[in-house]
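Undergrad: What follows is each chain in one-letter form.
There are 2 protein chains.
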Amino acid sequence: MFRTHTCGELRKEHAGQIVTLCGWLDHQRDQGGLSFIWLRDRYGITQVTFSPEAGASPEEAEALLQKVRTCRQEFVLQVKGEVIQRPEGGENKALATGEIEVRPLELVILNRSDVPPVQPSIPDLPSEDVRLQYRYLDLRRPDMQKALALRHRIVKIMRDYTDELGFLEVETPMLGRSTPEGARDYLVPSRVHAGKFYALPQSPQLYKQLLMIAGFDRYVQVARCFRDEDLRADRQPEFTQIDMEMSFVSMEDVMGMMDGLIARLAKEVLGIELQLPLPRMSYADAMERYGHDAPDLRYGMELIDLTDIAKECEFSVFRGTADAGNRVRAVVAKGAADKYSRKAIDELTSWAKENFGVKGLAFFKGAEGTLQAPIAKFFNEEFIARIKERLEMTDGDIAFIIADTFETSCRALNGLRRRLAKELELYDPKSFSFSWIVDFPMLEWDAEEERWVAVHHPFTAPLPEDEALLDTDPRACRAAAYDIVINGFEAGGGSIRIHDNALQKKIFSLLNIDDETAKDRFGFLLDALRFGAPPHGGIALGLDRLAMIFAGLDSIRDVIAFPKTARAADLMSGAPGLVDEKQMKELSIKVEKAEKTQN
Amino acid sequence: MFRTHTCGELRKEHAGQIVTLCGWLDHQRDQGGLSFIWLRDRYGITQVTFSPEAGASPEEAEALLQKVRTCRQEFVLQVKGEVIQRPEGGENKALATGEIEVRPLELVILNRSDVPPVQPSIPDLPSEDVRLQYRYLDLRRPDMQKALALRHRIVKIMRDYTDELGFLEVETPMLGRSTPEGARDYLVPSRVHAGKFYALPQSPQLYKQLLMIAGFDRYVQVARCFRDEDLRADRQPEFTQIDMEMSFVSMEDVMGMMDGLIARLAKEVLGIELQLPLPRMSYADAMERYGHDAPDLRYGMELIDLTDIAKECEFSVFRGTADAGNRVRAVVAKGAADKYSRKAIDELTSWAKENFGVKGLAFFKGAEGTLQAPIAKFFNEEFIARIKERLEMTDGDIAFIIADTFETSCRALNGLRRRLAKELELYDPKSFSFSWIVDFPMLEWDAEEERWVAVHHPFTAPLPEDEALLDTDPRACRAAAYDIVINGFEAGGGSIRIHDNALQKKIFSLLNIDDETAKDRFGFLLDALRFGAPPHGGIALGLDRLAMIFAGLDSIRDVIAFPKTARAADLMSGAPGLVDEKQMKELSIKVEKAEKTQN
Chain A
518 MFRTHTCGEL RKEHAGQIVT LCGWLDHQRD QGGLSFIWLR DRYGITQVTF
568 SPEAGASPEE AEALLQKVRT CRQEFVLQVK GEVIQRPEGG ENKALATGEI
618 EVRPLELVIL NRSDVPPVQP SIPDLPSEDV RLQYRYLDLR RPDMQKALAL
668 RHRIVKIMRD YTDELGFLEV ETPMLGRSTP EGARDYLVPS RVHAGKFYAL
718 PQSPQLYKQL LMIAGFDRYV QVARCFRDED LRADRQPEFT QIDMEMSFVS
768 MEDVMGMMDG LIARLAKEVL GIELQLPLPR MSYADAMERY GHDAPDLRYG
818 MELIDLTDIA KECEFSVFRG TADAGNRVRA VVAKGAADKY SRKAIDELTS
868 WAKENFGVKG LAFFKGAEGT LQAPIAKFFN EEFIARIKER LEMTDGDIAF
918 IIADTFETSC RALNGLRRRL AKELELYDPK SFSFSWIVDF PMLEWDAEEE
968 RWVAVHHPFT APLPEDEALL DTDPRACRAA AYDIVINGFE AGGGSIRIHD
1018 NALQKKIFSL LNIDDETAKD RFGFLLDALR FGAPPHGGIA LGLDRLAMIF
1068 AGLDSIRDVI AFPKTARAAD LMSGAPGLVD EKQMKELSIK VEKAEKTQN
Chain B
518 MFRTHTCGEL RKEHAGQIVT LCGWLDHQRD QGGLSFIWLR DRYGITQVTF
568 SPEAGASPEE AEALLQKVRT CRQEFVLQVK GEVIQRPEGG ENKALATGEI
618 EVRPLELVIL NRSDVPPVQP SIPDLPSEDV RLQYRYLDLR RPDMQKALAL
668 RHRIVKIMRD YTDELGFLEV ETPMLGRSTP EGARDYLVPS RVHAGKFYAL
718 PQSPQLYKQL LMIAGFDRYV QVARCFRDED LRADRQPEFT QIDMEMSFVS
768 MEDVMGMMDG LIARLAKEVL GIELQLPLPR MSYADAMERY GHDAPDLRYG
818 MELIDLTDIA KECEFSVFRG TADAGNRVRA VVAKGAADKY SRKAIDELTS
868 WAKENFGVKG LAFFKGAEGT LQAPIAKFFN EEFIARIKER LEMTDGDIAF
918 IIADTFETSC RALNGLRRRL AKELELYDPK SFSFSWIVDF PMLEWDAEEE
968 RWVAVHHPFT APLPEDEALL DTDPRACRAA AYDIVINGFE AGGGSIRIHD
1018 NALQKKIFSL LNIDDETAKD RFGFLLDALR FGAPPHGGIA LGLDRLAMIF
1068 AGLDSIRDVI AFPKTARAAD LMSGAPGLVD EKQMKELSIK VEKAEKTQN
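Top to bottom, those sequences are chains A and B. Take 518 as the starting number for the first sequence in the numbering used here and just add one per residue. Take 518 as the starting number for the second sequence in the numbering used here and just add one per residue.
Heads up, a few of these hints could be off.
No distinction is drawn between identical chains; accordingly, a pair holds when it is met within one copy or between any pair of copies.
As the list claims (entries may be wrong) - Cut-off 30 Å, straight-line C-alpha distance, at most; resulting in silico cross-link-like pairs (BS3-like, lysine-lysine): (1) Lys1023 with Lys1099; (2) Lys1099 with Lys1113; (3) Lys784 with Lys939; (4) Lys1102 with Lys1036; (5) Lys1099 with Lys1022; (6) Lys610 with Lys663; (7) Lys610 with Lys1110; (8) Lys663 with Lys673; (9) Lys1113 with Lys1102; (10) Lys1036 with Lys1113; (11) Lys856 with Lys1110; (12) Lys1110 with Lys1036; (13) Lys584 with Lys1023; (14) Lys584 with Lys1022; (15) Lys1036 with Lys1099; (16) Lys1022 with Lys894; (17) Lys784 with Lys673; (18) Lys610 with Lys784.
Worth flagging that the hints you see were computed from the coordinates, not collected in a lab.
Please put together the full structure from these sequences, using the hints given.
TA: Spelled out as structure tokens, the structure:
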């Protein structure tokens, strides 16, 4: 037995016991004839005090002291010793084990360490590149261990919950068929079938539908998914989805199931009791009130429409926008006028132009019972009063106004709203807000490709009451789809699927996917729909993002053990790497042109 | 709500209730003015009886009867009706719901079905190719659903068990680095880094060791692994491993943890109470007594050595074998002499020659108090008596004898032993036998490559007491490795790993892996070993095989939802498939030569 206890376990009840601990030397403090070390493992830290009382004799005490002084940070130690209760007032409140310390009898150096490039016990971190290269050291940091333990806990709770409800976890293939609809696939050349490729799954969508057709009734999988996209800050080439599907269900059934899961997670992971059902908001409402389909509802600051006033006013920018069928909308930051100097507003304006393509950013400050701003001169008193009233502004408030297309004003005002709320600390960053967004449009028009594209995916069913609109007004047809939004992030989404072969064909045809293409890409699903597909629907949660939100972190890389960089490289293993000619030859492929530099 | 109950749920206690069920029309039987249908879902089958008493009136009953007669096998139906207790003696014992039937009030056809190419309710199955092409229909068969539910249950029990013990489930990357040691990798071309490749993991071995170095202490993952090998009957290009690793452990700790898991699985899945610790056998013992390192211990029929007798006898084949330092060994099938006619023995001999490369297969039958066989004439009475005594043969027994090298005789006698035990029904196919094999050799000599190769893998530690042998007699050095064997299958295996950088380098050097190669392939592990690696070890179970054994099935394809063929093709989706030129161009690769035919 290497150890009798972990480094997080001992309390004053253990006083007098002889224990053996193993762990890393977190740090060491020498003081006269004493040496204090903190021994660290995943479970906590225990102080071991090397003093003249250590060991069985003064000679042993001295030998132990000499030995521990040869140890350095991150050495792996085994300490046998007696648990000593610290005197009253001498507890270390910073440690869960702070009521005790260990008086060593034996010290074994299990392994040594060079000076580590990432030091787990020091809050100052090196660059993220160094952290990623020495990930095994970065992962020794208690914060990282906590984050991954929380991720484990989320998944365990989810598995217990779904198991209780009769879900079966079924593994679907990683080596699948490339279906170029959607994002770019990662491809895997086949050796046996020269010139052919597998694709890594972007999601198990088709397989989970097939499992419903196969009668599995309730399916869950923690599924690795792959997308070869140019990565944004919060994306990874491989990511994990909590993937579920249910048969003989309506939207209400799936959302109700998910409400129960979210409530359990909130309670067990965050200690929050949620009221169920979770609140719901229509997509149209979310865009109108927040400019975004995943609004952060931890704070208000809703968008306020001024288009009707703009239509009548004399200010040509507003009036022109309104006349062109576009929108003039505002967000108001209460009491924040002083915080936005002219210079700060200029910076905000440049930022909005650059990030959202707006032509300008107007503002009003509430002062002296009226609204003040450079553009105020374009408005007569009546309009100033009407705007002030609509915006419910008082002295000290500041309003930002965007006059642009609906889409651009949504993007810009959502961005502004999030930025202002953060800058003005309008919410407790430790608080949580959960809600559903429903009534998404089924289709949107892709002006470039001149065709309808599926907002969700081509297997999503329309709301039953909207199905007829597919023939008359496809734009107005709403989907039986739902997204779960947490703190302004889309944490997951799903839909009721099409189980009717004729309707599926109709949707493919609306999406301009011809019969041959449909057959080639989704033939096996279309086949399956001919043999008794049950009504079914499901949902998928983004586990990386969910864990990030629950852990209160800003980057999904902090909840992934071995993440990749924005250039999809693993700085620790050096993946992707060069391979032997022989390997490529066996796969019947050849590299056309190669990157010059090493990554 | 689509349904109030499942098709497996109703009992006589429900009599009188109005219920709604959904499911597939399993089969239909018409009889006069009656129609009986069996409605099937994952949970069971319920009989719905369309009779003149159905519906609210005779007219409705007639309409329901007409409607149900338009339905065919595998139609998806929703039935609302009253639960009726069947009269005493009228129960259907074949159904768990056989105490009741449902008298329908409403019938909704939720979906139709063409005539299915695989019929779930019919025991006669089409060819496996058809089953794989229409896998979603094959998976409707209750046997397949049971097998996958059992697989789910195994994993759930494992997760509960490891969670209780403080294991964290951590996901390791799928897009890793190619390390051509071992089996062939599946490669994934990188788009961002032209000419470079990711490799899909053959196992998370290095990552789990890094997690130990990172201080995770106890790790578990249900890990998808990939090997691009020419497939044998029981292999798949992607397979699933229950992968575990622990820090500060000896072999005893890992085996003890696994004993507990196996015992829990045996109890909860199979209803068997196991005695712990599970029995252990050394590798040398297993090879000597069974000719195999994963012996089936559900029956005896141990190998019996005759080499010492052979050395003295006059029969030149035996004597020559013994003199050359090779072995003469036998298996005895008690009371089976009559079952092996001369013709059957000839067939067995050809089979052994073909499969194991033996030169011949000798036999003796016990009869008239002595041994009879064509070769008996080469032995005098004394030797016949000695052989008879050694083999403990009596009249009616038959012994098969192989005179060959140790390796060949092991292979052949293991094959014979398994074949005879099956033919002679020496064991209950529903019984289970669990054991550990330990004391494996650390290295074996690869005569072709003229170097030592690792029997387990190059990260396996030697037994502490054997470590010095690495310098003096590497062949004799035993590894701190262990395999778990169930019913003659290796269900999993593991080892204590090397945590000492110097020892790891020494092993690489023994394996003829030079510094540069080691650095290139495993550099990040060697790096990590410099920064305080704890003593650690682990194990991996083959989930597919474990589920197959527990389900009492013969093929791992029957416990995998969407398996591939022996040529690594998915007959349902058509993977692998052709991809667009554009996709290849983005990846900077070109196909050198392509397979002619479609798969």
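Undergrad: Give a verdict on every hint.
TA: Now the hints, each set against the structure:
no., hint, result
1, Lys1023 with Lys1099, "between (48 Å within a copy, 28 Å between copies)"
2, Lys1099 with Lys1113, "both (21 Å within a copy, 22 Å between copies)"
3, Lys784 with Lys939, "within (26 Å within a copy, 55 Å between copies)"
4, Lys1102 with Lys1036, "between (32 Å within a copy, 25 Å between copies)"
5, Lys1099 with Lys1022, "between (45 Å within a copy, 27 Å between copies)"
6, Lys610 with Lys663, "within (19 Å within a copy, 53 Å between copies)"
7, Lys610 with Lys1110, "neither (60 Å within a copy, 69 Å between copies)"
8, Lys663 with Lys673, "both (15 Å within a copy, 23 Å between copies)"
9, Lys1113 with Lys1102, "both (21 Å within a copy, 17 Å between copies)"
10, Lys1036 with Lys1113, "between (41 Å within a copy, 21 Å between copies)"
11, Lys856 with Lys1110, "neither (54 Å within a copy, 67 Å between copies)"
12, Lys1110 with Lys1036, "between (34 Å within a copy, 26 Å between copies)"
13, Lys584 with Lys1023, "between (78 Å within a copy, 27 Å between copies)"
14, Lys584 with Lys1022, "between (76 Å within a copy, 27 Å between copies)"
15, Lys1036 with Lys1099, "between (36 Å within a copy, 20 Å between copies)"
16, Lys1022 with Lys894, "neither (58 Å within a copy, 79 Å between copies)"
17, Lys784 with Lys673, "both (14 Å within a copy, 22 Å between copies)"
18, Lys610 with Lys784, "within (27 Å within a copy, 45 Å between copies)"
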